[in-house]
Amino acid sequence: MIASLALIVIILAFFFFRGGGGDREMIKQPAKEPAVSGAKAGSQVPKETRNIRLYFLSEEDGLLHAEERAIPADPSPVREAEAVIAELIKGPEKGYLSTIPAETRLRQIFITQDGTAYVDFSKEFAEKHPSGTSAEAATVYSIVNSLALNIPSIKKIVFLIEGGEKETLGGHINLSKPFIPLKSMIAE
Amino acid sequence: MKNRGKTGLRFLGLTVFLAVIPLVSRAQPVLRVSVADLPDFSRVTIASSAPLAFTLEKTAEGLQFKLESKTSYRFQGGAVRSRLVKSFGWAKTKIGYILLIETATGDFRYEHQVQRNPNQVLINLYPSGEEAAVSTPAPGKKPAVKEERKEEKPPDEPPKPILKPTAHASPSMKTIVIDPGHGGLEVGAKGKFGTMEKDVTLTISLKLKALIEQNLAFRVILTRDTDLDVSLDNRAALANNNKADLFISVHANGSFAKSARGSETFFLSLNATDEETRRLAYLENNPARIEKHIDEENPDDIKLILWDMAQSAYIKQSSLLAELIQNEFNTELGTENRGLKQAPFKVLTGVACPAVLVEVAFISNPDEEEKLKSEDFQNRVADAVFRGLAAFLKTNS
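Which chain is which? The protein sequence lines are A and B, in order. Under the working numbering, the first residue of the first sequence is numbered 842, with each subsequent residue one higher. Under the working numbering, the first residue of the second sequence is numbered 6, with each subsequent residue one higher.
Fair warning: there could be bad hints in the mix.
[As the list claims (entries may be wrong)] Some chain B residues well away from chain A (every beta-carbon gap over 10 Å; in silico): (1) 202; (2) 368; (3) 371; (4) 399.
[Claimed, not checked] Here are the simulated lysine-lysine pairs, DSSO-like style, with alpha carbons at most 27 Å apart: (5) A:1007 <-> B:97; (6) B:263 <-> A:935; (7) B:346 <-> A:996; (8) B:263 <-> A:969; (9) A:1007 <-> B:71.
[What the hints assert, rightly or not] Chain B residues, not near chain A, derived (Cβ > 12 Å throughout): (10) 256; (11) 347; (12) 353.
Hints in this document: simulated from the structure, not taken from any laboratory. Glycine included, each C-beta is placed from N, C-alpha and C at the ideal position.
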């Protein structure tokens, strides 16, 4: 029943996203070009950028540490969210650990009116994940914190894999509920 | 969902049955005798591969367990360390055998209980009068609990895993569900040397089950007792359908960081968004409401929503249970203390009783992977969890 409810929610959300939302204030999916190249273009062309803090895992203390990056400033929170995820998949530059399997692709992001971001990853997100409570928590909260603490319109995050709901990444952390940021996972 | 749960149980029963066959077909049956001291009494456990026909008789030296049997038994008893029981004697008679349980004093009373599958007779010996008062440790004092447990330890080899849920337990008997994490195709975290989380969790869980059954009058049910896929929902359902009083999920941790190490105990974090928080807070303060809702209104939707939040009514007790287990990890295991933690675990969400998840050590850390493979470490983990839950039961009784 819960699964079917969730499915309805997803289908509805998908419908809004597809249909452009009618009179609802749905934020539309951006053009197909990958956000990564967008970020590169931003660094070459003198285009307005803004600094964000990405959260990666530290080998030292097992906590999330912030790494600053510049992404193209964009009025669309969806495009900014895509840029954040693209940077997270690219991985850290300062010796921290990546929390997303490198093979993972972002399929799409949509953000509902109440500030819930649905982040839909390819199957590698779960299949290539090493499993384990700490690893799953690191993955979930590096993404949740990086999105919600950088993009003000995002309040909660729901994870989807290949467009559908998945119970867990590897048998531990519950993915069937929305996540809110967890600052206690971040190093001081 | 319910039907799936039942099928799961039946399947569990079948695999248990198959696993027991080799024991039964063994040529000469063995009679395993052990003694453990509990706070108020000493318990003698007589375990056998076949049902026992016996009588008990109190004598000046202690208690005689007279076994009527045409087949010949092999006696297996370890060193005896107990306040009340001094030794075991074993003799053949015309009609069978006599096991003499020699006691330190003739001033005791006893009661016994017969269990099937596994076949065992539990005899509780109570010292009478002053002695009982003297030997009862001060309540709530941790060192007392520790000392006690040392004596309780099974004398020599680690206890043999007892496979079948004791289905014939009396209705008043409390139930502990142990959940060995993962299983089947779902292997969990993996170590550098190929150790899999699903195997470690099962071994430790079987040891823990045996410890509980030897020392406490509890029914113990495993969510799986072989290398089997069991869905997370069915694990919670098994606990709820059996009206579990405690739920302990056993796991080994995995991290992206190779150096991550240590032991930690979790209880559920609600990961609640605002509107949920209000409802949950209400339920936490009115746990009785959950059952009332289900009884009175009964539509499936309500049941499922409440099922999904069942654990939220037990967060406080779960937190205490987790704390007491983590305390034992800190003193018992010699691993780094990662502390008492909360996380939104799928498996704990629907469990309607105090429930915790232990992350014993990191299988992703080569040093700890070695530990997790060693029987000594596994025994100590089972022992620490047992002590933690025994301490919890004490505060709750």
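We went through each hint and held it up to the structure:
1. 202: 7 Å, violated
2. 368: 7 Å, violated
3. 371: 14 Å, holds
4. 399: At about 28 Å from chain A, residue 399 of chain B clears the 10 Å cut-off, so the statement holds.
5. A:1007 <-> B:97: The hint is violated at about 62 Å.
6. B:263 <-> A:935: Distance ~17 Å between residue 263 of chain B and residue 935 of chain A Cα, so the pair holds.
7. B:346 <-> A:996: 24 Å, holds
8. B:263 <-> A:969: 17 Å, holds
9. A:1007 <-> B:71: Status violated; Cα separation ~58 Å.
10. 256: 6 Å, violated
11. 347: 9 Å, violated
12. 353: 9 Å, violated
Hints 1, 2, 5, 9, 10, 11, 12 from the list above are not met by this structure, while the remaining hints are.
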